[in-house]
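Novice: Model the placement of chains B, C and D on the given structure of chain A, informed by the hints.
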Amino acid sequence: MFLWVIKRDLLLAMRRRSDVFTTLFFFVIVVSLFPLSVGPEMNMLRTMAPGVVWVAALLASMLSLGRMFSSDYLDGTLEQMLISPHSLSLLVLGKALAHWLVTGVPLVLMAPILGIQYDLPVEALFVLTISLLLGTPVLSLIGAIGAALTLGLRGGGVLVSLLVLPLYIPVLIFGSGAVEANMAELGYDAHLSLLGAFLLVSLVFAPWATAASLRVSME
Amino acid sequence: MLQGSNLVCVRGDRRLFKDVSFSLEPGGLMLVLGPNGSGKTSMLRMLCGLSNPAFGEISWCGTAISSLGGEYYSVMTYMGHLSGTKDDLTVVENLRISSALAGLEINETEAREALQYMGLSGRETLPVKVLSQGQRRRVALARLLVCQTKLWILDEPLAALDVSAVKLMQGLLERHLGQGGMVIMTTHQEIEVTAASTTQLQLA
Amino acid sequence: MIWESWSEFFAMGGYGVYVWGSYIVTFACVIGEVLLISNRRRTLDKHYGLIHDSNKKETDNETTS
Amino acid sequence: MAINWFKYSSPASFYSLSGKMVPIFMWLAVVLLIAGMYVGFFVAPTDFQQGEAYRIIFIHVPAAWMSMFLYLVMAFWAGIGLAFNTRLSSMLATAIAPTGAMFTFLALWTGALWGKPMWGTWWVWDARLTSELILLFLYIGFMSLQAAIDDPRRADKAGAILALVGVVNIPIIYFSVQWWNTLHQGASVSLNQAPAMATTMLTGMLIMVFASWMYSIAVILKRVRVIILERESHTAWVAELRKKEAAR
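Residue numbers (my numbering), protein chains in the order written: chain A, 1 to 219; chain B, 1 to 204; chain C, 1 to 65; chain D, 1 to 248.
Next up, chain A with everything else stripped away, as it sits in the complex:
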């Protein structure tokens, strides 16, 4: 069932490829704007790179949160999910993972290329990719709670950023911290293990909180 949900959401994303590309281009453009605003000085760009890429990834992932439940809400599919004999948490987990596959994975794949723009060393590129790989699913999972809470509200898009961004802070700190630590020739294992821990915790709790929020929002 879980696979059915993922398969369905991926199929829908395939039919509407433009949405996926919009998110990806948003990410690329935001990252590319920074050198234009702070100057092309390579040393500075190199120190800024992890933070810039991570903040852009945060915003890009958040931008697409509104779509996670809203179309299902509007056409009645969400109602059917709520009264499905399957566990709602599991369905929600499937939807969050599909969201990650559609928005998170392209960001992860794109990040090394953008890192080159900022003249990051090869190892730092590697760490950046790994940190994004661990961190972006957490963004989708936490974001799902925000998306569920703001379901069907006017101004939901802005509201969701207000709710979700403060909760993203730990991921941001350790994600960009890992890359910075690597560039300062310090160990980055601890950062990555903490990101992994966040991922595990959010895998357990976020679907459950999202399911509860959906029930509240649909009542």
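Hints listed in this document are in silico derivations from the structure and should not be mistaken for laboratory results.
Quick caveat, the model's predicted, so the values are computed rather than measured.
Mixed in with the good hints, there may be bad ones.
[Unchecked claim] In silico lysine to aspartate or glutamate, EDC-like type, Cα no more than 20 Å apart, as pairs:
1. C:Lys46 to D:Glu232
2. A:Lys7 to A:Asp19
3. A:Lys7 to B:Glu113
4. B:Lys150 to B:Glu105
5. C:Lys46 to D:Glu240
6. C:Lys46 to D:Glu245
7. D:Lys243 to C:Asp45
8. A:Lys7 to B:Glu192
Specialist: Same frame as chain A, but now just chains B, C and D:
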């Protein structure tokens, strides 16, 4: 089987209805009647457990549905006025996915058979967005053919359907009731359905 | 007494701007909050009052006419 | 059935009970405030390190404590409201949020005004300051979410879930900010070595903490009374109350 006792529905500041009680046995049809805004849809959503009554209890086989959870949902099918179909998916994909969601995985052939019965043959691989309102409704109703649930809760199932489709629905409902199924529905259209017992639930 | 004079008290050893800046904003916030709640209450009362008055007017009209 | 009756009656009885309590707590707050300010400005000696600027502590510390404490209380009542479906506790949570946000703002504001003369800067990216800022964001998120939802029951429940998610996250956020801060310990000042405090200073501060407590209770009760009236406007007891007030 399904029982509701002293149900009260409050929406915002307004009380839509109070002290509504009923019981439904196998083979029984219950028509929920009332003018617009009398709480028919709210009633059906309550019966699905989508919202909770302000007072009162709904029970299935003697157990409150709120404590049954998934067990209740596997014997019940709800169709709201939203069709639950995805515009970008084809007719077959829609039917297969919505059935899987409702706990019953069907293969391509079964799906095509059901769609044919609903008069949608030749349109199976079209995306739903090119269909008319009535055809979309038929896609949604095709799920009733494949699902094997005992209790059907239908909100305006006849809306947007033409005469032949209404006939089709009538046959479908009678077959279901004949097999000991139960139907709760709202409708503004005249429909003659013979059932072992027909009750009318009038909301003020 | 630690303060020799009022002016010394207000100067706060040269930190007057910071100390009084904190206290004044704090009191402004506290008083503002209380006033906002009273205002909310008054709006509510007025709202009720309007409904009440209109009812009364109707009954008045009935009695006069 | 008895529980339902209790649920219905409780906002009504709470309304009249709290009406008696508001003035008591308000007066307590005023008295304690005057006492605390007197101790703070006229009894506590000048600090040998910080001069007179330390007198900001008498509002800064109570505000910072209240900001954190009120978030926990808010989440607690919101959680109770969600778990037991009691309307009064949810209303209480809604009433706490603005006061908590105000204290958070005051803690940041007074912190900035204290930081400027002491460290020469309005703001440092210290772990505590950063966490306090994030706390303000959490309060604002809670209030905006509730404000955006028209149906009060949905607003209560959605707010409760958000507050509880926030409570789970606060330790994680605090811990990560602390870690981040130690990594980036550059020119910033460490706020961790608190200078030994004179007893009178401590006394003044504690009195001010109690004053903030009393004030918070009074204001929250005052606000919850308005919220009760707004939400229960259609019930019989409010109509009764209105009639009584009109007769007076």
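Novice: Work down the list of hints and note, for each, if the structure agrees.
Specialist: Tested hints:
1. C:Lys46 to D:Glu232: holds (16 Å)
2. A:Lys7 to A:Asp19: With Cα atoms ~17 Å apart, A:Lys7 and A:Asp19 stay inside 20 Å; holds.
3. A:Lys7 to B:Glu113: violated (23 Å)
4. B:Lys150 to B:Glu105: Judged against 20 Å, a Cα distance of about 17 Å means the pair holds.
5. C:Lys46 to D:Glu240: holds (17 Å)
6. C:Lys46 to D:Glu245: holds (13 Å)
7. D:Lys243 to C:Asp45: With Cα atoms ~12 Å apart, D:Lys243 and C:Asp45 stay inside 20 Å; holds.
8. A:Lys7 to B:Glu192: violated (41 Å)
Violated hints, listed in ascending order, are 3 and 8; each of the other numbered hints is respected by the structure.
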